[in-house]
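Participant: Got chain A; can you put chain B on it based on the hints?
So the protein sequences, as listed, match chains A and B.
First residue of the first sequence: 1, per this note's numbering; consecutive thereafter.
First residue of the second sequence: 1001, per this note's numbering; consecutive thereafter.
Below, in silico cross-link-like pairs of lysine-lysine (DSBU-like), each with a Cα-Cα straight-line distance of 35 Å or less:
no., chain 1, residue 1, chain 2, residue 2
1, B, 1053, A, 117
2, B, 1053, A, 3
3, A, 97, A, 388
4, B, 1057, A, 117
5, A, 117, B, 1107
6, B, 1107, A, 46
7, A, 43, B, 1130
8, B, 1107, B, 1130
9, B, 1137, B, 1107
Derived contacts from chain B toward chain A, CB cut-off under 8 Å, selection only:
no., residue
10, 1045
11, 1051
12, 1065
13, 1066
14, 1070
Hints in this document: simulated from the structure, not taken from any laboratory.
Predicted model, so just to flag it, every value in this text is computed and none were measured.
The beta-carbon is built from N, C-alpha and C at its ideal position, and this holds for glycine as well.
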Amino acid sequence: MIKIAQLSCGTEYSGVQPEIENAAETVGAKMVYPDVNMESIDKAVKEFGFNPNSAQLKLMIARAVELAENNYDADAIFIATCFRCAEAALVRTELRKYVQQHTRLPVVTYSFTERTKAAQLLTRMEALVTIVERKELLARERQVGLTAGLDSGSSTTKAVIMRDNVIIGKYWLPTTDVFSSAETALTKALEEAGVKQEQLEALGTTGYGRFTLGKKFQAKLVQEELTVNSKGAVWLADRQKGEATIIDIGGMDNKAITVRDGIPDNFTMGGICAGASGRFLELTAKRLKVEITELGELADRGNPGKVKMNSYCSIFGIQDLVTSLAAGNTLEDVASAACHSVAEQIYEQQLQEIEVRQPIIQVGGTSLISGLVTAMEHTLGQRPIVPKDSQYIGAVGAALLSSGLLG
Amino acid sequence: MKIFIMPPNSLILFDLVERFGHEPLSLMGELRERVTSNEIEAPPLNVSSDDVKLGLKYAGIEVPSGIRGRLAVYGPLIDQAEAAIFMEDAPYSFGCVGCQRTNELAKLLIRKRRVPVLSLDYPENEDQAKDMVFKIKEFLEGLR
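Bound-form chain A, shown alone (with noise of 0.2 Å):
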């Protein structure tokens, strides 16, 4: 059983540790606590080089050092402490650093309240397990036979045929019904490769829709897309070997992973805000009344500065581009001020959570919207590489994953 190393403060108090314990369960991981002499505590925060005031902060320092010094056994790493707590927030981000300097463990960090439950944290587990579990199959870099990929998104399902490390079909559209969508994609997917289904050797699911596919489809590969995804992200951009970040900035939620030769090694999810989400955009595209694949293009002709919108709700980011548009402002500096608004609330939600490595890889549907890599690359100080097919990451992630099970 994979096991998971809890460095935490708060999670009893808040009444979520039995969620922590049940996500991690239904993965097939259980949580651990590094034993800690109480001796050792006070050497630990010496050693590490900042001392919280608050005692369980302490705990979480030694219990890190004990990994770094290989004292406890641990095949992973879950740091998490209260949202809004400044004292924790210095110690988790600094921890984060630490263990990752001195372990080779995967970690995940996380700021929970107490209305956080278990299925928000499976696809994170999923992802600490799969990393451990599927090290090999994850450094796989080449695809090989005829598999299909499926990505079922919260906006868009995505379908990706492959032979012999070439797409050679692929089809998107948006997701309405999980099962319909997936089908019509496969479908449009497989008719311009020129295939049928039964012809494929494999076939891998991913996204939110993994597992209801994964039944229908009788697939070889269910996984999240945390892990899938990095691995189609650094196939798309020619990227396997040495380190990178990847930004995915999704319809629901938002990823910012790091990869070291295409393995994730520290990752982040978003999904409390929908004003740093895809979604606020296409809210945006709606009211300027342009479609969404025009809305980059209108951006990038636009004067972000002219324009205040920096909130965290998508209402009330429309609210301020409503207040903008009535205030004179032309639709361009609108259009670009709110792809600043969603770029700036991954700089400040998502990145301040990892450490950023070169190159930047900006995948996912709404990387196709120019102004938003605009927004990255003023915010970033680098304009992110956005691979071609960017959108399919997911689909060719399981595609190029679900060939390394062919027996």
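Facilitator: Below, chain B alone, put in the same frame as chain A:
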């Protein structure tokens, strides 16, 4: 009288309060109640997300959930307190609830109730320890 102790799970303070004829208000008692109740299943402390909402009586929604959850458990003890003893800068082996922010807020809540408070420095040697016990005795006897 009912005496709130800080740290609220200090066995030494609990024992001294009891020895000098008062009723200590402690975290141990509250948690025992929870973990032996058959109706709650949120181990190890049986603090549920509903309890955390009760903490809103003591701290606003913008306060981290861990603080509200702690106060949900021993905030009611603060409400009952007729006097309090605070041990300042005590090592965590003396008694500890893990969160310094909660400790500070709990002390403020006690002070706002304007009940008698004895604030002590943690003793560093035997003489100071004797002096500490003497001060506690004097404080508690003075409450009668």
